[in-house]
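Please model the entire structure based on the sequences and the hints provided.
2 protein chains.
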Amino acid sequence: MTENTGKGASRRQFLAGAAALGAGTVAASVAKAAGPDPLITEVQEWATGLGDGVDATPYGLPIHFESDVRRRNVGWLTADTISSINFTPIHALDGTITPAGCAFERHHSGAIELAKEDYRLMINGLVDTPLVFTYADLERFPRENHVYFCECAANTGMEWAGSQLNGAQFTHGMIHNMEYSGIPLRTLLEEAGLGAAGDLKDKWVYVEGADASSNGRSIPMEKALDDVLVAFKANGEALRKEHGYPVRLVVPGWEGNMWVKWLRRVEVMDQAVESREETSKYTDTLADGTSRKWTWVMDAKSVVTSPSPQMPIKHGPGPLVITGMAWSGRGAITGVDVSLDGGKNWQKARLGAPGAKNALTRFYLDIVWDGSEMLLQSRAHDETGYVQPTKKQLREVRGENSIYHNNCIQTWWVTADGKAENVEVS
Amino acid sequence: MTENTGKGASRRQFLAGAAALGAGTVAASVAKAAGPDPLITEVQEWATGLGDGVDATPYGLPIHFESDVRRRNVGWLTADTISSINFTPIHALDGTITPAGCAFERHHSGAIELAKEDYRLMINGLVDTPLVFTYADLERFPRENHVYFCECAANTGMEWAGSQLNGAQFTHGMIHNMEYSGIPLRTLLEEAGLGAAGDLKDKWVYVEGADASSNGRSIPMEKALDDVLVAFKANGEALRKEHGYPVRLVVPGWEGNMWVKWLRRVEVMDQAVESREETSKYTDTLADGTSRKWTWVMDAKSVVTSPSPQMPIKHGPGPLVITGMAWSGRGAITGVDVSLDGGKNWQKARLGAPGAKNALTRFYLDIVWDGSEMLLQSRAHDETGYVQPTKKQLREVRGENSIYHNNCIQTWWVTADGKAENVEVS
Chain H
1 MTENTGKGAS RRQFLAGAAA LGAGTVAASV AKAAGPDPLI TEVQEWATGL
51 GDGVDATPYG LPIHFESDVR RRNVGWLTAD TISSINFTPI HALDGTITPA
101 GCAFERHHSG AIELAKEDYR LMINGLVDTP LVFTYADLER FPRENHVYFC
151 ECAANTGMEW AGSQLNGAQF THGMIHNMEY SGIPLRTLLE EAGLGAAGDL
201 KDKWVYVEGA DASSNGRSIP MEKALDDVLV AFKANGEALR KEHGYPVRLV
251 VPGWEGNMWV KWLRRVEVMD QAVESREETS KYTDTLADGT SRKWTWVMDA
301 KSVVTSPSPQ MPIKHGPGPL VITGMAWSGR GAITGVDVSL DGGKNWQKAR
351 LGAPGAKNAL TRFYLDIVWD GSEMLLQSRA HDETGYVQPT KKQLREVRGE
401 NSIYHNNCIQ TWWVTADGKA ENVEVS
Chain D
1 MTENTGKGAS RRQFLAGAAA LGAGTVAASV AKAAGPDPLI TEVQEWATGL
51 GDGVDATPYG LPIHFESDVR RRNVGWLTAD TISSINFTPI HALDGTITPA
101 GCAFERHHSG AIELAKEDYR LMINGLVDTP LVFTYADLER FPRENHVYFC
151 ECAANTGMEW AGSQLNGAQF THGMIHNMEY SGIPLRTLLE EAGLGAAGDL
201 KDKWVYVEGA DASSNGRSIP MEKALDDVLV AFKANGEALR KEHGYPVRLV
251 VPGWEGNMWV KWLRRVEVMD QAVESREETS KYTDTLADGT SRKWTWVMDA
301 KSVVTSPSPQ MPIKHGPGPL VITGMAWSGR GAITGVDVSL DGGKNWQKAR
351 LGAPGAKNAL TRFYLDIVWD GSEMLLQSRA HDETGYVQPT KKQLREVRGE
401 NSIYHNNCIQ TWWVTADGKA ENVEVS
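Respectively, the protein sequence lines represent chains H and D. Just so we're aligned, residue 1 is where the first sequence starts under the numbering used here, counting upward by one. Just so we're aligned, residue 1 is where the second sequence starts under the numbering used here, counting upward by one.
You can trust all of the hints, since none of them are fake.
A pair counts as met if it fits within one copy or between any two copies, since identical chains are not told apart.
Here are the simulated DSS-like cross-link-like pairs (lysine-lysine), alpha carbons at most 30 Å apart as the crow flies:
1) K293 <-> K281
2) K419 <-> K116
3) K314 <-> K116
4) K357 <-> K203
5) K281 <-> K357
6) K203 <-> K293
7) K357 <-> K392
Keep in mind that the hints were calculated from the coordinates and are not lab data. No experiment lies behind these values; they were computed from the predicted model shown.
Quick look at the structure:
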C-alpha cells in the first residue's frame, strides 16, 4: 500500500512520503482506507470538533508552530539592544513581500514612540517658503505605492573577514521588501518652492529623524527629486514603530541608513553636510587606507535561502527546490544563475516574476538531487548588465577593510546528509 | 509666523496646519524657531532620550496608537464566533497588500490547529494512482507566487436590503489581497495521472478541508488545471492558522468559499457533488424564487475607502485625497471612475499601478474640495469591457432575495462637516 511505484520520470517515485493508495480507495472510504498512516486511516479530532472562533485577538500573529520564524537579536553583534539590529528570517520566507512583523530593523538610539498628533515635518533651507507639515497635512497630498527593498549597507558585512555567520538570516537578513505608500519628496520640496535654490544641479537635501541619533544624511537633489518617498504605510498599514512610525523616508535602491525613520526635517543645502553617518560611518575603507565615499547604491546581489544552514535538506536524493532572492539598486533583476559546484558550472534559475526596479525578485531552480554534496551559489544580473561578483573579485577591488557593501556571491556547502554550512571557495 | 501665504495655486495655501516659517529660520535653529508650536520650538523628549531596543517581541505588532485598525468580529452578524467573520479594516489601509494580521477570515466550524507533521493531502478519484502527500512532499514541487484577492461571495451582501452597515470595513471588508506561494494544482493532479479520467472536458474536482465543516466544493476541471494553487505561504510567511495553516486552496478570481482551508482532499470526479456549500448556500435566489447556480466568479467591483463613514474628512475645504480599491475576477482592472454627485458626473481616477489579473488595484482622485456635500461613488471597469453596475441595475436583474454577489456601486454621503454615511441613491 505504501509502495512508491511511479511511472516514467514522475516526481512521485522520489517522494518518500507520498503514499500511493490502492486502486478503488476513493472518496467515501478515506477514513477507512487500508494503510499504515493513522492520519489517513483514522478520523482526526480536528475533523470532528470545533476550532477557534474569530477575533480571539484583535490582530493576528503567526501560529505557534512557526515560533522559530522570528526577527532575531544577536546579542554578540552590538554592545546593547538600543543600537542594534533585527534580521528578517529570509531562510523561512518565500515569495517577495516581507511581513512587517518580521522585517529587518536597525536603530541607532532605539525605536521611539511618536504619535501622529505630535508629528511635524519641516522643509527648510534654500526654499522659497520654509514649511512645517503636520501628519494631517501630509495626508492631503497625492500619494504613490511602490514595492521596494530596504537593505542595510552592512548586510553581509561580516563576510569580508571570511565565512563567519551560519545562516542566511544572519549573512543576508538585513533587508526587507515592502509595498510603501507615501508622497514623492519632490511634491513637498516643490510645495516649499525651489526657486531660492537656484540651479538644482549641485544642490543637496539633508534629512534627519526625530530620534536622539537624528541619523542625518545628505542626498543629492537629483535623487531627492527622482523617486524618494515620504512614506507612512508599509504593506498597506501604518508603519510599525520600529520602522519609523508615523513617517519615514524611502530612498529606493540606496543604502538603508538613508531611509531616515521618524523623519522630522528636510533641509535644502548647497553642499553635503558630511555627517557622522556619511564619513566615519557608511564609507568603505580600501586596502590603502583611503575610503570610498558616497557609496549610496546597493549593487546587484542574491542569496540562496533554501537549502541553507537554517534550512537543511530533510529528505534523500530526488526532487529538490532550490530557492532564493535577488535584488539590485540600479534597476530590475534580469536573471539569476545557480551553481551546484562552487561556480564551475551555472544553470539559469526560474524567476518567480519578471524583475521590478528596486524590488526583490524570487528565483527557483527545481532539480533532481543525486544526494551528493553541493557548493551552492547564486549570481544576479541586473538591467545595467552588471553581474554579481565573487568574493575574490570584490576583495581585489575593495581590499578587506570594509564593513559595508559586500554583495559577493555567497556559498553554502551542502553535505550528503542535507546539512548546509557557510564556506568560502577559492 | 503661522500665516499660510502660499503663492499661486499652491496646495500650501489650503493646508491649515502647514505653518510657513519666517525667512532665516534654518537648520541649526529649529529647536529655537519663533512660533507658537511647541512641537517645533521646544526640544522633545524623544529627541534626547533613548527609544526601545530591538527584539522586545519576537514578532512585531502595530504600534498601540493604531489599535482601532483591527479585524473585527461583529457580534450581531452570526449566532456565534465559531461560524463567523472578521473584516479587513480596508478603510484604514492604503496600497494593495493586506497584512495577514488583519486580513479577512471566515470559518464554518472554527479555525483548527493542524501541525505540518499531521498534515496530509489526498488526491484520489479518477486518477491513475491515488496519492497522499505529506507537507514535506509538497515542499519538493515547483512553486509559483501570485498576488490575488480573496473575496467572500457575501461581501456587500447586506446592501441587497438597502444601505445597512455604516463603514467600508463592514460593507466591503470581506476581502483580502496577499502574495500567495504554492504549487499549481495542475502539477499535483498530473502527478497522480489524469489518464483514468478520460476526456477532461466535463470532469470536476471536489475539494474539501480538514476541519469539521469540510466545506466541500466542486470545481470544473478546466479551472483546476488553469490557475488554482495549493498554497502554503501568504505575503512570504506561513499561512496564519485562521487562513488555513499549513495549506489552503487559492482559486483566483472565484468566491472565497472555494478557497478551501486546511485542504485535505482533492477528488477527480465525473460530476459535481452539489454539496451544501453550492446548493442551499452560495447560490443566488432570484425574484421568481429560482436560483442562479455555479456563480463562482467575482465580478468587477470597487469602493471608496477614504473618505468613508469610518474615515471622515477632518479638515475644511481644500486639497482632499479620495482613495479606494477595485478588483475583478474576470481579469485586470482597466479603469476606475469616481463621482462626487451620486453618479451624474464621473471623473477618471488615477490607478496606483496598472491593474493585474485577479488582484486589488488602488485608485486615487486628488481634488480640491469646495466644502460642499458629496455623494461619493466609484465605478470599476475590467479588461473584458464589463462596467460595475448600479444597485438599481443589479436589482433589476437579480431581484432582492440574494445574499451573495452584490458588486453594486457604493454610495457614501459626505456632509459639509466631513462625516460620511452609507446611503442609497435612486
